[in-house]
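Enquirer: Protein chains in written order, with the working numbering: chain P, 1 to 118; chain S, 1 to 114.
Don't read these hints as lab results, they were simulated from the structure. Keep in mind the model is a prediction, meaning the values are calculated, not measured. It cannot be assumed that every hint is accurate.
[Claimed, not checked] Here are the simulated lysine to any residue pairs, SDA-like style, with alpha carbons at most 20 Å apart:
#1 101/S to 3/P
#2 49/S to 63/S
#3 41/P to 8/S
#4 41/P to 87/P
#5 49/S to 3/P
#6 101/S to 60/P
#7 14/P to 90/P
#8 111/S to 10/S
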Amino acid sequence: GAVVSQHPSRVICKSGTSVKIECRSLDFQATTMFWYRQFPKQSLMLMATSNEGSKATYEQGVEKDKFLINHASLTLSTLTVTSAHPEDSSFYICSAALRVSGSNQPQHFGDGTRLSIL
Amino acid sequence: GNSVTQMEGPVTLSEEAFLTINCTYTATGYPSLFWYVQYPGEGLQLLLKATKADDKGSNKGFEATYRKETTSFHLEKGSVQVSDSAVYFCALSDRTGGGNKLTFGTGTQLKVEL
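If we strip away everything but chain S, and leave its shape as in the complex, we get (with noise of 0.2 Å):
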C-alpha cells in the first residue's frame, strides 16, 4: 500500500535559517505529491504540488522536487519567518480507482523563533 514519511518534529530555527522536511514515499504506480500547511486551530492550506518525476512544485519561497529515484519530495526554503510557524504534511495522491484520496505523513511542526 502507499506511505509517506516525513521526518520528525518539532524542528525549531531562527528566523532567516534555512529550511528542509525531508519526506519520502512508497506507492504503487505514478503518485502525485503535495505539501499541505495547517496553522493553529485550521484546516489545512495546499502550500505546493508536482505531478511526475523532476517536476518542482513551488510557493511563497517554499520548494520541493519530485525525486523518483529517490522517492521523495524534500521541502525546502531559504529563509524562514516567524510567520511559518505551523505544521506542514507531504502527501500523495494516486490514480489507482479512479479517485483523490490522500495518504498524509505524520506531520513536522515547524516553529521559528525571532
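This is chain P alone, in the form it adopts within the complex (with noise of 0.2 Å):
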C-alpha cells in the first residue's frame, strides 16, 4: 500500500518551456502533499508544502510564480515549472502523507522526475 505515482520521470526540453509534473497517491488520500529539489549528490531540499483544496505554503527562496503547485484533489498534486531555464534542470520529488490529527504519518514518496533544460 501507499503508492505514490509520479509523471513523467523524465523531462528534456528548450528553454522557456512550462513543465507539468504530476503526483498521484494512488491507493490513500494524501491531504497533504510535498514537493522537493534534489541536487547531485545532496539532499532533499523541501519547496512547498501544498493541503488540498488550499494554497501552497512556499518554503523561503522558493519562487511561487516560478513554480506554480495546484492540489485540486485527494489524490492528485502538480508542479509546473514556468519558462523553465538551464537553471531549473534538476530532480525533483513528490512525496504525500495522510494528515491525522496529533499523529506523524509518514510520507510516501514518488519516484522523481529528472528535468534537464537546454
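Assemble the dimeric complex from its two separately framed chains, guided by the hints.
Expert: Now the structure itself:
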C-alpha cells in the first residue's frame, strides 16, 4: 500500500518551456503533498507543502510564480515549472501523507522526475 | 530549529560486513525519526521509523533505536548485501504546526562490494 506515482519520470525540453509534473497517490487519500528538489549528491530541499483545496505554502527562497503548485483533489498534486531555464534542471520529487490530527504519518515518495532544460 | 546530522560518505563495505551509519538530531519537542533509502534514479522509500524514545524500528535486517539521551538514531545492519548499495537519509518530523514536515540529513552513500 501507500503508492505514490510521479509522472513523467524524465523530461528534456527547451529553455522557455513550461513543464508540468504530476504526483498521484494511488491507494490512499493524501491530504498533504510535498514537493522537493534534489541537486546531484545532495539532500532533498523542501520547496513547498500543499494541502488539498488550499494554497501551497512555499519555503523561503522558492519563487511562487516560478513553481506553481496545484492540489485540486485528494489524490493529485501538480508542479508546473514556468518558463524553465537551464538552472531549473534538477531532480524533483513529490511525496504524500495522510494528515491525521495528533499523529505523524510517514511521507510516501514518488520516483522523482529528472528535468533537463537545454 | 530542527536539524539532522549524518556521517559523510561514501561508506564502502564488503558483502556480509556490519554496517553502522550514524545519525544525530536537534529538535524541539518530541520528533518522530525515520530512515529513508534512495536507489539510483529513484525516489525515496521509507526503510524504518520510530515515534518515541527507546522505540526500535526494523525492516529488511536494518535496525535503528530512538535514543533520546544521546539524540541519536543510528542505522545498523549485521550483514550487508550488494543490493543494499544506495543512499540512506535520516530524517525527523515533529508535530509543531500539526504538519508532517520532514527535515533530512545530507544522506550517506553506501557501496557494498563482493
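Enquirer: Each hint should be assessed against the structure and marked as holding or not.
Expert: Hints, verified against the model:
A distance of roughly 19 Å separates the Cα atoms of residue 101/S and residue 3/P; the hinted pair therefore holds under the 20 Å criterion. Distance hint between residue 49/S and residue 63/S is fulfilled; the C-alpha atoms sit about 9 Å from each other, no more than 20 Å. At roughly 11 Å between alpha-carbon atoms, residue 41/P and residue 8/S fall within 20 Å of each other, so this suggested pair holds. For the proposed pair residue 41/P and residue 87/P, the alpha carbon gap of about 16 Å is at most 20 Å, so the pair holds.
For the given pair, residue 49/S sits about 18 Å from residue 3/P by alpha-carbon distance, which is consistent with the 20 Å threshold. Among the hinted pairs, residue 101/S with residue 60/P is consistent with the structure: their alpha-carbon atoms are about 14 Å apart, no more than 20 Å. A distance of roughly 14 Å separates the Cα atoms of residue 14/P and residue 90/P; the hinted pair therefore holds under the 20 Å criterion. Straight-line distance between C-alpha atoms of residue 111/S and residue 10/S comes to about 7 Å, which keeps the hinted pair within the 20 Å bound.
Of the numbered hints listed earlier, not one is contradicted by the structure.
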